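Asker: The lines below spell out each chain.
2 protein chains.
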Amino acid sequence: MNEYESLRAAAAPVVRAAIRGGDYGGQTAGLGGRNLQVNVAIMAAEYALDFMRFCQRNPKPCPLVGVSDTGDPFMRALGRDIDIRADVPAYHIYRDGRLDGSAHDITEVWRDDFVAFALGCSFTFEHALQDAGVSLWHIEHNKVVPMYRTNIPTQTAGPFGGSMVVSMRAIPEHQVELATNISRRYRFAHGAPVHCGDPAAIGIDDLGAPDWGDAAPVAPGSTPVFWACGVTPQVAIERAGLPLCITHKPGHMLITDVDGDAEIPAVD
Amino acid sequence: MNEYESLRAAAAPVVRAAIRGGDYGGQTAGLGGRNLQVNVAIMAAEYALDFMRFCQRNPKPCPLVGVSDTGDPFMRALGRDIDIRADVPAYHIYRDGRLDGSAHDITEVWRDDFVAFALGCSFTFEHALQDAGVSLWHIEHNKVVPMYRTNIPTQTAGPFGGSMVVSMRAIPEHQVELATNISRRYRFAHGAPVHCGDPAAIGIDDLGAPDWGDAAPVAPGSTPVFWACGVTPQVAIERAGLPLCITHKPGHMLITDVDGDAEIPAVD
Numbered sequence: 167m168n169e170y171e172s173l174r175a176a177a178a179p180v181v182r183a184a185i186r187g188g189d190y191g192g193q194t195a196g197l198g199g200r201n202l203q204v205n206v207a208i209m210a211a212e213y214a215l216d217f218m219r220f221c222q223r224n225p226k227p228c229p230l231v232g233v234s235d236t237g238d239p240f241m242r243a244l245g246r247d248i249d250i251r252a253d254v255p256a257y258h259i260y261r262d263g264r265l266d267g268s269a270h271d272i273t274e275v276w277r278d279d280f281v282a283f284a285l286g287c288s289f290t291f292e293h294a295l296q297d298a299g300v301s302l303w304h305i306e307h308n309k310v311v312p313m314y315r316t317n318i319p320t321q322t323a324g325p326f327g328g329s330m331v332v333s334m335r336a337i338p339e340h341q342v343e344l345a346t347n348i349s350r351r352y353r354f355a356h357g358a359p360v361h362c363g364d365p366a367a368i369g370i371d372d373l374g375a376p377d378w379g380d381a382a383p384v385a386p387g388s389t390p391v392f393w394a395c396g397v398t399p400q401v402a403i404e405r406a407g408l409p410l411c412i413t414h415k416p417g418h419m420l421i422t423d424v425d426g427d428a429e430i431p432a433v434d
Numbered sequence: 167m168n169e170y171e172s173l174r175a176a177a178a179p180v181v182r183a184a185i186r187g188g189d190y191g192g193q194t195a196g197l198g199g200r201n202l203q204v205n206v207a208i209m210a211a212e213y214a215l216d217f218m219r220f221c222q223r224n225p226k227p228c229p230l231v232g233v234s235d236t237g238d239p240f241m242r243a244l245g246r247d248i249d250i251r252a253d254v255p256a257y258h259i260y261r262d263g264r265l266d267g268s269a270h271d272i273t274e275v276w277r278d279d280f281v282a283f284a285l286g287c288s289f290t291f292e293h294a295l296q297d298a299g300v301s302l303w304h305i306e307h308n309k310v311v312p313m314y315r316t317n318i319p320t321q322t323a324g325p326f327g328g329s330m331v332v333s334m335r336a337i338p339e340h341q342v343e344l345a346t347n348i349s350r351r352y353r354f355a356h357g358a359p360v361h362c363g364d365p366a367a368i369g370i371d372d373l374g375a376p377d378w379g380d381a382a383p384v385a386p387g388s389t390p391v392f393w394a395c396g397v398t399p400q401v402a403i404e405r406a407g408l409p410l411c412i413t414h415k416p417g418h419m420l421i422t423d424v425d426g427d428a429e430i431p432a433v434d
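Those sequence lines, one after another, are chains L and P.
Residue numbers for the first sequence follow my numbering, so the first one is 167 and each next one is one higher.
Residue numbers for the second sequence follow my numbering, so the first one is 167 and each next one is one higher.
Next comes chain L alone, as it looks inside the complex:
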């Protein structure tokens, strides 16, 4: 049994302990039960106010669910003993806006002026769609959802801006309204779709050539449905060209102790 399979039934703190201990560094889909999983961005405090503004102004791609105190590496509202320096399976380190390497632990890179941000991800609404009988091809085929750059502008804040990234799921036409209404409820998970139908209308030339993730078919009788995507802030971070910024590696999320259905993103 590989490490991923051995963690499938484990509670979130057990998974985080395996990650912190160096025993697991893989992707997190399907781990930690239905707890809220989050995208991570870490940067110096001098940029944090503008980044918070960027998230506030673009709540669909960037649903802000947690912010650390300056210099404090613990995400206290999101769970017990969550150390943002060690509890994410894999990190991406950006210098001057370019990806400059990966790491399994950033304790040596952490600084007293850092602020850590947690942003919701799509797993929560995908679970809800599946519960409602909407099948999701990429999950059933163990692929990464296809993601695309669009021509939809974000609302800028300081150095942060750029176009929105979306994920695509092909939905049977008779379930598009259902999928829309369900996902609208999950505001920590990108909410309702930003577009349904013609990819060219939002600047996507070729559905078969996603910018991230794996291509997925759109079966006859299905419609491509596009949701705002958590890669959007990574594009904004690249564009901003900060001297140093750290994110999770896509798909390798922080697993919190917060229930995925919670009204507010905090443990009791």
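Treat the hints as calculated values from the structure; they're not laboratory data.
Please read all numbers here as calculations on a predicted model, not as lab measurements.
Hints may contain errors.
Stated by the list, open to error - In silico contact screen, one side only, chain P against chain L (beta carbon under 10 angstroms); selected entries:
| hint | residue |
| --- | --- |
| 1 | Ala211 |
| 2 | Asp235 |
| 3 | Arg350 |
Virtual Cβ for every residue (Gly too), placed ideally from N, Cα, C.
Starting from the known structure of chain L, fit chain P onto it as the hints suggest.
Answerer: Chain P alone, transformed into the frame defined by chain L:
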């Protein structure tokens, strides 16, 4: 016909123009149709990151719906030509944490390092409750909803903290679940109640003596239901003791161009 009555049927920009022009300085309940109305807090940028953290950590009392750029007095996402220095009917000016006066216009007080925050208010969910057949005593009797300090702590951020303020509406017992489910949908308007029933359980000794607003009866067969209240950030601001901070005068809100039912707090 008084000025309030003459504005009852006016669109939000018309009401704001009357306010900016000095023709109206009263409370805003029932004005601007069903547009989103917001609480306002203005402070120096050096405190803004902590205040945003305070709002993020306390989303029920402090549902953040807009943040200006530093020094920019226009709330660009919330409508066309919204000047936060002149478009609120009445302002409260706090110095060193104490209320130091009121104003109808703060253009002379505005500074290049100011950041303006907009926080959702309860009007939106009150409309939805009334639409669902839940009668609200304070509205029918033209009173201000009763508000109370509680023993429910907020999550602190920098100098901001203190206990939560709640508003109370007496709801017939058979409608409590309905009212809870409806209000839960309105996250820009304090969401689901924070408590139902015994006031002493949240530190309220005497329902008949609210800390703000007017006392309201709890009829036999009704339950007092408590929602997080937008006065909470004003208490946090007093406690923080900032040298200078400006808020709206309670009840005298900024009327935005955003639909009260919008998924995200922004005009298209």
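Asker: Can you verify the interface hint for Asp235/P: is its Cβ closer than 10 angstroms to any Cβ in chain L?
Answerer: Given a least distance of 7 angstroms, the restraint on Asp235/P holds.
Asker: Closer than 10 angstroms between Cβ atoms is the bar; does Arg350/P clear it against chain L? Give me holds or violated.
Answerer: holds, 6 angstroms
Asker: Once the shortest beta carbon distance from Ala211/P to chain L is found, is it less than 10 angstroms?
Answerer: holds, 7 angstroms
Of the numbered hints listed earlier, not one is contradicted by the structure.
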